[in-house]
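Colleague: The primary structure of each chain is shown beneath.
Number of protein chains: 2
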Amino acid sequence: MKRVYLFEEGRADMRDLLGGKGANLAEMTHIGLPVPPGFTITTDVCRDYMRRGRLPDDLMDEVREKLQVVEQRVGKRFGDPENPLLVSVRSGAKFSMPGMMDTILNLGLNDRTAQAMIRLTQNPRFVYDAYRRFIMMFSDVVMDIPKKLFEERFAELKARLGVTQDTEVPADALKTLVEEFKQIVHEHGKEFPQDPSLQLEMAIEAVFRSWNNERAVIYREREKIPHDLGTACNVQAMVFGNMGDDSGTGVAFTRNPATGEKVLYGEFLPNAQGEDVVAGIRTPLPLDALRDMMPEVYRQFLEIADRLERHYRDMMDLEFTIERGTLWMLQCRVGKRTGRAAVKIAVDMVHEGLIGRDEAVLRVQPSHLDQVLHPHLDERALATGEYPLIAQGLSASPGAASGRAVFDAKRAIERGKAEPVILVRPETNPDDVGGMLASKGILTERGGMTSHAAVVARGFGIPCVAGCEAIHVDEENALFTVEVNGETLTVREGDYISIDGSTGNVYLGAVPTQEPEISPEMMTLLHWADQFRRLRVRANADTPKDAAKALAFGAEGIGLARTEHMFFGAERLPIVQEMILAKTAKERREALSRLLPFQREDFLGLFEVMRGLPVTIRLIDPPLHEFLPRYEDLLREVLLLELTAPDSPQLAEKRRLLQRVEELREANPMLGLRGVRLSILYPEIVEMQVTAIMEAAAEAQRRGYDPHVEIMIPLVGHVNELKVVRENLERVAKEVMAHEGVQIDYKFGTMIEIPRAALTAGEIAQEAQFFSFGTNDLTQTVFGFSRDDAEGKFLAYYVEQKILPENPFVTLDRAGVGRLIEMAVRAGRAARRELKIGICGEHGGDPASIEFCHELELDYVSCSPYRVPIARLAAAQAALRHRVAVTVDK
Amino acid sequence: MKRVYLFEEGRADMRDLLGGKGANLAEMTHIGLPVPPGFTITTDVCRDYMRRGRLPDDLMDEVREKLQVVEQRVGKRFGDPENPLLVSVRSGAKFSMPGMMDTILNLGLNDRTAQAMIRLTQNPRFVYDAYRRFIMMFSDVVMDIPKKLFEERFAELKARLGVTQDTEVPADALKTLVEEFKQIVHEHGKEFPQDPSLQLEMAIEAVFRSWNNERAVIYREREKIPHDLGTACNVQAMVFGNMGDDSGTGVAFTRNPATGEKVLYGEFLPNAQGEDVVAGIRTPLPLDALRDMMPEVYRQFLEIADRLERHYRDMMDLEFTIERGTLWMLQCRVGKRTGRAAVKIAVDMVHEGLIGRDEAVLRVQPSHLDQVLHPHLDERALATGEYPLIAQGLSASPGAASGRAVFDAKRAIERGKAEPVILVRPETNPDDVGGMLASKGILTERGGMTSHAAVVARGFGIPCVAGCEAIHVDEENALFTVEVNGETLTVREGDYISIDGSTGNVYLGAVPTQEPEISPEMMTLLHWADQFRRLRVRANADTPKDAAKALAFGAEGIGLARTEHMFFGAERLPIVQEMILAKTAKERREALSRLLPFQREDFLGLFEVMRGLPVTIRLIDPPLHEFLPRYEDLLREVLLLELTAPDSPQLAEKRRLLQRVEELREANPMLGLRGVRLSILYPEIVEMQVTAIMEAAAEAQRRGYDPHVEIMIPLVGHVNELKVVRENLERVAKEVMAHEGVQIDYKFGTMIEIPRAALTAGEIAQEAQFFSFGTNDLTQTVFGFSRDDAEGKFLAYYVEQKILPENPFVTLDRAGVGRLIEMAVRAGRAARRELKIGICGEHGGDPASIEFCHELELDYVSCSPYRVPIARLAAAQAALRHRVAVTVDK
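Taken in order, these protein sequences are the chains called H and U.
Using our numbering, read the first sequence as starting at 1308 and increasing by one per residue.
Using our numbering, read the second sequence as starting at 1308 and increasing by one per residue.
The set of hints was computed from the structure by calculation and includes no laboratory data.
Please note that a few of the clues may not be correct.
Which copy is meant is left open, because identical chains are indistinguishable; a pair holds if it fits in one copy or across any two.
[Claimed, not checked] Below, a list of computed lysine to any residue pairs in the SDA-like style, where the Cα atoms sit at most 25 Å apart:
no. : residue 1 : residue 2
1   : K1497     : E1459
2   : K1489     : Q2108
3   : K1643     : E1574
4   : K1531     : M1367
5   : K1852     : M1450
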């Protein structure tokens, strides 16, 4: 097996074997660009090294053989006392891991070759500087001697000389320093190796070893790069950008990576090595400076950049060095970019004829759109360091906001009229909804992704950071405290804070926010995506406002309208509570009859906005106690009254309420009296809802809209539940139609969100005209995880420890939940061929989960309005990735 | 299709078509016993009638044809003015539904045939009495005229005559009454039909109609008899037991149905019709009286009884009538019996050579054993009516108990020393355990089958009625109130109450209890059962005492020892709480090290008792907050202290505790931080437990027992959870063995109680040496039911409304939960051929579920000690019912 590839022997598509850097160096060499010669030791060798703990016995023979070719190319010899070749030894894995692994420059220097270099360059300062750098780097990386010792010695030297800049240290002093550095090595019981071959072998081994250093492992964890890939090792002839004013080094993107604008974008540092750019010691100049300083080199570089972009058919990230007027390309790779730039570049490249529409659609990452679609905190403002990060919670509802902290819903309403406020609560409850709506953002100390705060915030599109357990909210004194760098920080009402609901970060101060923008390029891209995808995309929307937003983002219907969210309105909640506290079905019906007009208006609004598109309305789902005051709060009030006003009528009233709340309380509300179970025990609630739906549809039809109603019954586990409720509600629907004298297109269906429903989907499909997988609850029940409890208490740890590969509430668990879904789809379709099947859990907006839905041939996914564009893109990408016969409209 | 069968045309095995009564009348006719001739109209006709709402057009032609045969047999003619035949028309379904449907006697009487009867019998009183009964019965059943009107008229007559007994009313008066009765019919716009053929047709239709009368429907609901079976209709020549002292009627069992003793057992009423026996107007005589009064008839009856028992090979329930010295058999059927009798009869019949051992095993119902195996309330005492039934709750832990009500755990301990007490609580918590152990029984107002009270009670074998929401416990005043027949009854501390944990009934007063008895016959029967069954039977037992009981009942190992139950002991709970409140892992380990000796002793005890048999120990399962005081109680205490002693150190202490409890509290504890999740986050707890297990096993081995340890990790949902925990604990186990210098036979396995575990069982089997299905939790998660909430709030309603066919926590749901189990068994065995598979949920003691386990070829079921005999029997029955090749050891 070949273990060492000369650059001219490799190609860009050999990344697995040669790593990204090696493959691209090979590609550039192959197409004739000026690349300093060199070779790549394969990732196979690294994997072998990891297994056996040492380099293969005859590896160095192969290395020496390739080194001879390099020597011939550059006309120098490695270790030659007259005309020595120096090399760099660099890591380079399949996926870029910038700065995570080790690199050694100037290898091949020793006391004798240094003298030869001085003779050749006539520049002793340059040579001693290179030598001292090499010893330090080599000692640190290869021999495990702390870098700090060398840095301290250099600092002492500068102090002694009374200079501050490295460049001010004269050659003599550097020469002495080199000796001192060697002495440091000696003091560690080691000797700095004078033999260049030994240097090389040790450096190669160190590069391979660095694959498993701590920071590389952590980086791979975070970026989800497999640990068993290994790195390649590139050995390349050194070129020097620090040999005078006709030398220099730079980096460039072939287009603007922030905006996507088609213009070369980069930085250049004259008389410098790459290291200096990274170290940030000198401020680089814009690329234009190169045009002025070395116009011919600049023209050559422009040509190369253009050629590479056309060759790779993508925006490229380039590194180059100029040694005495000669341009050398040291690296090229596909450039990282912002979401905005990704969209623009993809669309522009189609217009330029570089790529096809399918390729453009595949190139933009769904996460790119996510960046663009929400208000976000200004990155540049954050980079100033003016706004300290003070805590991190769960990213419960995306988007960012800044405002004055308030600790009470009423205060939020008051202050929120005049200025932006962020509502900070231990956790929220129905009484807080008014205040939540008046706030720009919500921050809670407790509660998970399905906590009241999170659900309401997502429902209303308000940014929210939930379960931020680092903060301690003191409601009474209207403040929260948080430990920051060992000190207790207190944030009081009126202090500015900023939250990022997409990351869970909380900052002190009013960080400027940037509004989302839907560029014409994005419209174009999504339009192309729509032509490729097979899955339809609907939105989860409860209000006409949300529905309008969803429609603007391209939703093709509403996949989930949560009727109970409508119960929380200020005028409505008291009626809802009255209904719940009613002692008889008659009283309950009376209260419901007063709710009916509200619900009818709600539905009419949805039908108007969605004219002609299907609207799936879920009947009441949560347990009734969610609409009542919290047990703990009531208990507190009652106890207080017992001690202060034992005979007050208020106490009697509160006691009555407490008793009802106690009756309704549940040990595990998630698995309690909710969904279809409520509809069976209290049919009058859903009778009212269906009456409101059908009356609204009748009115919508009269007004010339074309309502298509899908009534969804949640939490069904046994076909009989659906049967009983559906039969009753079909009756109600028919009565309303008869009364209104209209025919409405309506369907009855169910959510599949309980394992038993999935397991008996064949039976359930007998009674359901559509299925919608409620993957949030299905994930909870299949895993036996209460999301509220799991996310704060152990799920993060599970993901961190790789016990679970992903958070299953974010990306659908294929092996467990997915398997059940697959069974249900198969059985459901077998029982009813025309069964419409969708998904309306949060996974409906997650690209990996959307791909799974595509594979299962679902009819649609439904997600929050803001994620509709992401779903459109992800659905198209899934279709493109799984296409068998390629028929692409270029 | 033949629709009417003469008795001589039918057989006993035609119950589907002829109903039980008809088939047995046919059988008796067939074997030559004296049965009044008659015929049966099939259940087919009834089903046809239910579909079409009227009798088949030509049915009456067929009826008349058969009637002619009957006329020939008895030498009388139906409707004949000289020698009329009277008939009875009776329902008779496949399954006995005593008294639920309608019967008409003396049909064929009209003004003319009555005169003929008078001539023939010379007994006008008898005839008018029969006629007035017939009109009343016919009007009520066939013509829907309220019976009450007739009864009132009869009462008026008796008042006028100044008599109290029916028999005292003379013939004349009865004659007048007949006319008055006809007048009543007339007043309802109808006429009593004089045409016997019309009477017959109307009566037949009425019998079929009565299949769907309300009480019959309710009865079928309760007894789980399908509604579509229909009833047959038997038309039979009347014989009269009320024709003088040489006449009479009686019922008999061929053996004592209470004890099983082989002796004819019954009652006889001279000069009476069956109706009189049922009405209870006269007190019947023991059968012996017949021997004295009519020795020849008695001898003939004895012979018939013996013949029928040998013919049916079972204990029979017989009805007979003697008309003027002639014995007629009116009914025979297999007799109902108590559990004790069922066992004795089955075993005796094997010894008598009547049936085989397999048949004996199949004949005893598992519910029969259940009756016998628990202390039960004395039925006779209850029948006196002295002990009113005051409430009904959930049958949370079987067995019965009487004692003085106490409302506080401490009081239970105090009073429990001197006299039996029943602990009554709103619900229980860990602080109550001492008091629970000191009580004979437990009664709670709230909480389901898995509430703390229920779980602890079952664990310790204490009878318990939980979730008895009819009672209102007032802890402060040490009393409970309950509405009984519209009045509020108050039970105070010290009042006697009795509970039946097998039915959920609560009685006022000290009902005597009867202790369970394992008769030699039961030992024999179970020994036979063991020879047929393939499933092994283990017990769920946490203490040596329970283990010993289980062993005595025939358990072949422990399938579930719940280690956390051991945490509740009085000496232990404080240490457990200290462990939970510990701030560091070090403090936690310190507390755990003090728990270790307790746990080691616990395990050693189990190994000693079970010597040589496998012991499955489940590592800690419940969430830690279960071991701390209840949040609500603490909150109450803190609030009180805040108002009354705001500066007390006590308040600070309670606040600290409250804070920790708040941190640990969960929205849905059932789906929260428990089971393997705890073991991952706090590995030190299970490390202690495994250390204790292995040290105990080592000691047991030294003492000459032969421990076989199966360590079970609960709540696994992903193979990685098991892998991580198992690897750590294997290390601990090996360290202990090395330290102790022994080799222990141990296995690591997991509970399959989360849907995802079942769905990915193939992967999980890679890491598990055994599976035990925890069907309680699996049912909860597959249905999305929290048992605590569901049972009280909607499950009962679901079962009542037939939305669910069964309570899935009692009988395993095959379609949903069962399907998952089947998938898991298949995948688990495919991945690991020698995988041992059992079930340890409560279904392990339910016969229908055991049959399912047999079908799935599980290795064992595990159930509570008291249910071990039931499981042995049910497992044998399952094996017998599913045997392909019959190889029976008779």
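Colleague: Which hints from the list above does the structure break, by number from lowest to highest?
Modeller: Going through the list in order, the structure violates hints 2, 4, 5 and respects the others.
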